[in-house]
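Trainee: Protein chains in written order, with my numbering: chain A, 12 to 266; chain B, 2 to 427.
Hints may be right or wrong, so weigh each one.
Said to hold, decoys possible - The following label-pair restraints were derived from C-beta to C-beta distances:
#1 A:N81 with B:N345: 23 to 33 Å
#2 A:E249 with B:L356: 48 to 58 Å
#3 A:K29 with B:N345: 23 to 33 Å
#4 B:K426 with A:D254: 58 to 68 Å
Hints are computed from structural coordinates only; laboratory data are not their basis. Just so you know, these numbers come straight off a predicted model, no measurement behind them. By construction, the Cβ of each residue, glycine as well, lies at the ideal position given by its N, Cα and C atoms.
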Amino acid sequence: MKNTIFAFKNIHVQVESKEVVRGVSLEIGPGEKHAIMGKNGSGKSSLANALAGHPAYEITKGEAYINGQNLLEMDATERARAGLFLAFQYPLAIPGVTVANFLRSAVRARNGGDESVLKTFRKDLMEMFAFLEIDKSFAARYINDGFSGGEKKRLEILQMAMLKPKMAILDETDSGLDIDALKIVSKGINQASPSDGGVLLITHYQRLLNYVKPDYVHVMMDGRIVQSGGPELALKLEDQGYDWLESKNARAVEV
Amino acid sequence: MITDTIDFRKTAKNEPEWLYKLRRDSWSAYHDSPLPDRVVHLWRYTPPEQFLINDPHDAMTAAIPMPKGNGHKIKTLTEVQAALGYNLSDMTTLTQLTPELSEQGVRFLDLATAIETGAGPVQEYLGKLISSDFGKFEAANMALWNIGFYLYIPDNVVIEKPIYLNRIPTGTNTMTRLLVVAGKNSQATLIDNYRDQAESAAGQFNSIIEIFADDHSRLRYVGLQDFSEKITGYITQRSRIGNQTDLLTVQSILGGTVSKVNTGTILDGRGGNSRIYGLLFGDNNQHFDLHTLHNHRSHEAYSNIDVKVVLKDKATSAYTGLIRIEEKTVNNEAYQENRNLLLNHGPKAESIPELEILSDEVRCTHGATMGPLDPDMIFYLKSRGIDYKQAVRMIVSGFFEPTLKNIPDDLHDAVNGIILDKLEKH
Ligand SMILES: Nc1ncnc2c1ncn2[C@@H]1O[C@H](COP(=O)(O)OP(=O)(O)OP(=O)(O)O)[C@@H](O)[C@H]1O
Ligand SMILES: [Mg+2]
Chain A
12 MKNTIFAFKN IHVQVESKEV VRGVSLEIGP GEKHAIMGKN GSGKSSLANA LAGHPAYEIT
72 KGEAYINGQN LLEMDATERA RAGLFLAFQY PLAIPGVTVA NFLRSAVRAR NGGDESVLKT
132 FRKDLMEMFA FLEIDKSFAA RYINDGFSGG EKKRLEILQM AMLKPKMAIL DETDSGLDID
192 ALKIVSKGIN QASPSDGGVL LITHYQRLLN YVKPDYVHVM MDGRIVQSGG PELALKLEDQ
252 GYDWLESKNA RAVEV
Chain B
2 MITDTIDFRK TAKNEPEWLY KLRRDSWSAY HDSPLPDRVV HLWRYTPPEQ FLINDPHDAM
62 TAAIPMPKGN GHKIKTLTEV QAALGYNLSD MTTLTQLTPE LSEQGVRFLD LATAIETGAG
122 PVQEYLGKLI SSDFGKFEAA NMALWNIGFY LYIPDNVVIE KPIYLNRIPT GTNTMTRLLV
182 VAGKNSQATL IDNYRDQAES AAGQFNSIIE IFADDHSRLR YVGLQDFSEK ITGYITQRSR
242 IGNQTDLLTV QSILGGTVSK VNTGTILDGR GGNSRIYGLL FGDNNQHFDL HTLHNHRSHE
302 AYSNIDVKVV LKDKATSAYT GLIRIEEKTV NNEAYQENRN LLLNHGPKAE SIPELEILSD
362 EVRCTHGATM GPLDPDMIFY LKSRGIDYKQ AVRMIVSGFF EPTLKNIPDD LHDAVNGIIL
422 DKLEKH
């Protein structure tokens, strides 16, 4: 097995007693970026949520490791502290909790409760606001409360940048962004991606991949990875859609 | 006979004839009236028997004047206080006001003393919002009250810093009152703090608050009830606001074994603005019963009610809220929202909004939500490395925060601290 940051094997996920991920494996090495594409409902977010430890998404089978540690023995908090980060497709509002207070708690927690990391917190936060072109006033706003779709996505990347994960799963972070915002967010992703860490991009669009260049592209269909390749696979999907894969896969099932 | 005790008070405390008569009539009203009807919303969720006065003599006869001296030295005001008042367990009340305010004609003193010395207008206000017809236990208070505070603010006086009032139980039956008379264009913040002490006896605590806010005044009343579970609390408050008058009422109800609070504002002038915020956090076997009233009697007034309830363990709560818009009034706006967060499967909450809208030209909405902690919120926070306990703390503090941020900073932190302590328990 190659040197991996993040690896999972034969992952099965059940939600509401329905199996929505049916045996997915991936190995992500240091500095690698992988992309997962696939039709609506193919199980991409379920996979991401399950790996991050969402209790509604039960991993019924399979193994997963982050930096060699057994991911499935950890709860969501421990997974995050081990360096896993999930940027949500639909970031949730948490009324009454300000962005600044939340991030302060999160940064402290991510660093094992070490208060000394907070010395430069305010400065780091303000720099990151500037870098992602988010207005400073957002620090005092409640998490995602009344944020526009694009603002929520920026805030997810802001969190990624502040928490410095080893492994980031970004679930459709590009959806709902205008062209300028896409560039800014991509810039943020590139900067926050650690050279020795991994990134898994879930997306529907080639557009994002022009800015955040993946080393590998995988296609999910019906709870499985049915095709893997290089960046050219994304171009082909953009061009031809998923039909060719569907018929190919249907044949495979028949055989 | 309780009337002997009332007679005694008249003699020993020099109470005037009108008060003597008010007390006697109120005693009859209390004594002769039946228990409240459990059919009405106000009484559906809380048995009234527990508020009957066990020992009316005890409530009054400890009124033998105490020698002022040892242990009765008034605490000095701190930097942040405009005035401070409190009572001791022997029914002594102590009050202090900055000299500047007292020069401007502000009065803040013991209610009985104010009556005796004519320190400000009392007779035309006392019992005018909460009379002995208001209810059985309000009549009991009017007959028996023995601890009282009086705040009078003349026209145009602005009090920047908060006025603090600390009230503690004085025995098995505590009967306390507060009367606030605020003149035109005046401004003040009053923080009314209820708690008991380790040595306090178990008992009943009955408190009546009347606030008269004249035209263009701006008042904030913040009640903080943090009794131990030895105390059964009964608190009724009414405010009447005039033209273009702004009143914020906060009721933080955190303590007591049973706590029944009835709070309301009569919007009596054009363009009045009344917001009532309720913050309730119950644990163990605590029971809370909060009623709110907004009564629009004039035009173009705005009212908003925001009641937030968090319960854990086997705590129960009932919130009933009435918005009444009188006939022939125009352009009133009245809003009401009640949100309940149930932290585990034990607690139960009720929410009953009532509307009596007798005018067509009105904007009115109300809503209630009830539910457990949102597992997706917990997950969101956990996915950032925050542990479960802290995630719950953040969500609960956040639930109250939009309401809490309307009250002065030090109190904000105090209330939040009490809430977090209660969360930490077991
Ligand atoms: N919490 C849930 N409860 C019930 N069903 C769910 C839940 N989450 C996912 N599913 C179901 O699992 C399947 C996969 O959904 P998932 O969100 O993983 O798809 P996706 O690939 O991320 O789709 P999209 O591209 O639209 O985001 C769908 O049929 C969906 O309805
Ligand atoms: Mg999805």
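Trainee: Enumerate the violated hints, using their earlier numbering and listing them in ascending order.
Mentor: Failing hints: none at all.
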